[in-house]
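Q: Just so you know, the sequences run in chain order A and B.
Heads up: the first sequence is residues 190 to 439, going by our numbering.
Heads up: the second sequence is residues 458 to 661, going by our numbering.
Derived from the structure by calculation, the hints contain no laboratory data.
Among the hints, erroneous ones may be present.
Said to hold, decoys possible - Okay, derived cross-link-like pairs now, SDA-like style, lysine to any residue, Cα gap no bigger than 25 Å in a straight line: (1) B:K531 x A:L319; (2) A:K346 x B:L650; (3) B:K531 x A:A389; (4) B:K653 x A:G352; (5) A:K400 x A:A389; (6) B:K657 x A:W341; (7) A:K252 x A:S291; (8) B:K653 x A:A347; (9) B:K657 x A:G343; (10) A:K346 x B:L498; (11) A:K346 x B:T500; (12) B:K528 x A:R393; (13) B:K653 x A:Y370; (14) A:K346 x B:I495; (15) B:K653 x A:V360.
As the list claims (entries may be wrong) - Distance windows between CB atoms, simulated: (16) A:A347 x B:L645: 22 to 30 Å; (17) B:L498 x A:L228: 22 to 30 Å; (18) A:H269 x B:R475: 56 to 64 Å; (19) B:E656 x A:V399: 32 to 40 Å; (20) B:R475 x A:S308: 18 to 26 Å.
As the list claims (entries may be wrong) - Here are some, though not all, of the chain A residues that point toward chain B, as calculated from beta-carbon distances under 8 Å: (21) M222; (22) S291; (23) L330; (24) I368; (25) E369; (26) I380; (27) M383; (28) D396.
The beta-carbon is built from N, C-alpha and C at its ideal position, and this holds for glycine as well.
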Amino acid sequence: MDISLYGDDSKALVHFDPRTKLFIFLACGVTSMYTYSGLYILLFTGAVCAVLALSGKPWLALKAFFAFSVALYIKEAVDHTGSSAPAVVLIVSVLTTLILYSLPTILSIVLIVQTTRISQFLSALSAMHLPVNAVIPIAMLFRFIPTVQDEWNGIRKAMAFRGISVNFSSVLRHPWRTIEYVLVPLLFSTIGVMEELAAAALARGMDIDVKRSSYEEVRLHAADYIVMSIFAALASAIVILVSSKGAAGI
Amino acid sequence: MARKEVTQTTQQSDKKLRTKDLIYAGAFGAVYIVLMLIVVLGTSAIPVLYILAPFTVGVVCATVYELCVLKVHKFGAALILGVLFALVACSGNVLGMILAIACALAAEFIIMAGHYKSRKMFLLSFLAFNLNMVCPYTMLYFHRDEFMARSVSFYGQDYADQLAKYAAGGLAFIQIGLALAGAAVGVLIASGLISKHFEKAGII
Numbered sequence: 190m191d192i193s194l195y196g197d198d199s200k201a202l203v204h205f206d207p208r209t210k211l212f213i214f215l216a217c218g219v220t221s222m223y224t225y226s227g228l229y230i231l232l233f234t235g236a237v238c239a240v241l242a243l244s245g246k247p248w249l250a251l252k253a254f255f256a257f258s259v260a261l262y263i264k265e266a267v268d269h270t271g272s273s274a275p276a277v278v279l280i281v282s283v284l285t286t287l288i289l290y291s292l293p294t295i296l297s298i299v300l301i302v303q304t305t306r307i308s309q310f311l312s313a314l315s316a317m318h319l320p321v322n323a324v325i326p327i328a329m330l331f332r333f334i335p336t337v338q339d340e341w342n343g344i345r346k347a348m349a350f351r352g353i354s355v356n357f358s359s360v361l362r363h364p365w366r367t368i369e370y371v372l373v374p375l376l377f378s379t380i381g382v383m384e385e386l387a388a389a390a391l392a393r394g395m396d397i398d399v400k401r402s403s404y405e406e407v408r409l410h411a412a413d414y415i416v417m418s419i420f421a422a423l424a425s426a427i428v429i430l431v432s433s434k435g436a437a438g439i
Numbered sequence: 458m459a460r461k462e463v464t465q466t467t468q469q470s471d472k473k474l475r476t477k478d479l480i481y482a483g484a485f486g487a488v489y490i491v492l493m494l495i496v497v498l499g500t501s502a503i504p505v506l507y508i509l510a511p512f513t514v515g516v517v518c519a520t521v522y523e524l525c526v527l528k529v530h531k532f533g534a535a536l537i538l539g540v541l542f543a544l545v546a547c548s549g550n551v552l553g554m555i556l557a558i559a560c561a562l563a564a565e566f567i568i569m570a571g572h573y574k575s576r577k578m579f580l581l582s583f584l585a586f587n588l589n590m591v592c593p594y595t596m597l598y599f600h601r602d603e604f605m606a607r608s609v610s611f612y613g614q615d616y617a618d619q620l621a622k623y624a625a626g627g628l629a630f631i632q633i634g635l636a637l638a639g640a641a642v643g644v645l646i647a648s649g650l651i652s653k654h655f656e657k658a659g660i661i
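Kindly generate the complete structure, drawing on both the sequences and the hints.
A: Take a look at the structure:
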């Protein structure tokens, strides 16, 4: 199994605190409501990619930034050609917008999931004085997203082995059967993983009510403060610009 | 014999959420959100299906929700699932987030009305829970002009025109209806799948 699926920061140049990564995630959520095309969102995505590169994923960051720039360029080009072929323009512009809209948020989730170990995440969240009822589900959420992908890939291979494919046409022709084919094995395998994780957590004494100590040292360093202030400045600049000029202004 | 008694007493005294339950809730939250994102992103290129999302997500995700609440069997499972949903789906939309959490609380109270035993109440609670799929659209209802202006600069005039055509009047009620219908269909599928597969395997 690919170890990098579950967070690996051994190649990181700068070890950012998980709280910084969460902050970037929230900033992406806010700005994706406000930004459209243009220089600002390119700058914002560039900043996310830079953090991703510093955290030990330079190639992924480069690829994502390249894809984003290409999508932005295509969208600008299509918007300025006018409507000689409305249907094509509509489809292309919707597809590129989907990329522009979702890529920063997806990148920030990748940043959290792939470059943070679960123990770091747990200790950072407890350092925020969140109650344990909130810490464990949030940590599990980010820990489990790659697991779901992993299980799903395995299930798709197994289904292809038996000559069952899940694609657009099968969803249209047999919606109920497809839902059953997808959901039942996915839930069975993920529940198996959940039970193992629960057993592992109990074995490590997660169930006791005493405050737990941790090997992980979580502290906000200078780099964390710099990155957080950059993202706060970018996000607030975007929000202020959009709300002062109006949506059509940019 | 002695060991059996011990396990029984610990099970009965467990009203509070234990670590194990929190792990289940978080993990089911991940499954729920991944499925939801696949359904929403897979369909949102077509304006009609974007509005239909409460229905499609309800149909697909009902089984995940039901398994989660049936497996944990305590106060908090639906609430945690709802909070995680709100964090991911409505981040940056405070009103939507509050409403989504309120939906999860309503679902929780419906389960509570069944004393965490009644299967019907468990199934019924998804009707309330699935209303949270309407919450990301709250901007569309309350700041309609702003939203439309945004979609114009975001998706282009044609897309926005189509969206405006379908979003003509009473969209909120249509979407609430869709969410309820989707939840109803999803619950039927879920109860079928649970009695066909998951109960037999002894998972819940």
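Q: None of the hints should be skipped; say for each whether it holds.
A: For each hint, the structure was consulted:
With a C-alpha separation of about 21 Å, the suggested pair K531 of chain B and L319 of chain A falls inside the 25 Å cut-off, and the hint holds. Taken as a hint, the K346 of chain A and L650 of chain B pair is honoured in the structure, with Cα atoms around 22 Å apart against an allowance of 25 Å. Restraint check: the Cα-Cα separation between K531 of chain B and A389 of chain A comes to about 22 Å, which is no more than 25 Å; the hinted pair holds. A threshold of 25 Å between alpha carbons decides the hint, and for K653 of chain B with G352 of chain A the separation of about 23 Å falls inside it, so the pair holds.
Between the alpha carbons of K400 of chain A and A389 of chain A the distance comes to roughly 18 Å, so the proposed pair stays at or under 25 Å and holds. For the given pair, K657 of chain B sits about 23 Å from W341 of chain A by alpha-carbon distance, which is consistent with the 25 Å threshold. Taken as a hint, the K252 of chain A and S291 of chain A pair is honoured in the structure, with Cα atoms around 15 Å apart against an allowance of 25 Å. Distance check on the hinted pair: K653 of chain B and A347 of chain A sit about 21 Å apart at the alpha-carbon level, within 25 Å; holds.
This hinted pair checks out: K657 of chain B and G343 of chain A have alpha carbons roughly 23 Å apart, not beyond 25 Å. Restraint check for K346 of chain A and L498 of chain B: satisfied, since their Cα atoms lie roughly 23 Å apart, inside the 25 Å limit. For a cut-off of 25 Å, the pair hint linking K346 of chain A to T500 of chain B stands: about 24 Å separates their Cα positions. A distance of roughly 22 Å separates the Cα atoms of K528 of chain B and R393 of chain A; the hinted pair therefore holds under the 25 Å criterion.
The straight-line distance between the Cα atoms of K653 of chain B and Y370 of chain A is roughly 13 Å, inside the 25 Å bound, and the hint therefore holds. With a C-alpha separation of about 18 Å, the suggested pair K346 of chain A and I495 of chain B falls inside the 25 Å cut-off, and the hint holds. For the proposed pair K653 of chain B and V360 of chain A, the alpha carbon gap of about 21 Å is at most 25 Å, so the pair holds. Range check, A347 of chain A to L645 of chain B: about 27 Å between beta-carbon atoms, so the 22 to 30 Å window is met.
For the pair L498 of chain B and L228 of chain A, the supplied restraint of 22 to 30 Å holds, since their beta-carbon distance comes to about 26 Å. Checking the proposed 56 to 64 Å range against H269 of chain A and R475 of chain B shows it holds: the Cβ atoms sit about 59 Å from each other. Distance hint check: the CB atoms of E656 of chain B and V399 of chain A are about 37 Å apart, consistent with the given range 32 to 40 Å. As the Cβ distance of R475 of chain B to S308 of chain A is approximately 20 Å, the hint placing it in 18 to 26 Å holds.
The interface hint given for M222 of chain A holds, since its Cβ lies 4 Å from the closest Cβ of chain B, which is under the 8 Å cut-off. At about 7 Å, the closest approach between the beta carbon of S291 of chain A and any beta carbon in chain B falls short of 8 Å, and the interface hint on this residue holds. The restraint placing L330 of chain A at the interface with chain B holds, with a minimum CB-CB distance near 5 Å, inside the 8 Å limit. Because the beta carbon of I368 of chain A sits about 6 Å from the nearest beta carbon in chain B, less than 8 Å, this interface hint is met.
About 6 Å separates the beta-carbon of E369 of chain A from the nearest beta-carbon of chain B, less than 8 Å, and the hint is met. Annotation: I380 of chain A was flagged as interfacial toward chain B, and the flag holds, the nearest CB pair being 6 Å apart, inside 8 Å. Here the hint on M383 of chain A is kept, as its CB sits about 5 Å from the closest CB of chain B, short of 8 Å. For D396 of chain A, the suggested interface contact is upheld, since its CB lies about 5 Å from the closest CB of chain B, less than 8 Å.
Checked against the numbered hints above, the structure breaks none of them.
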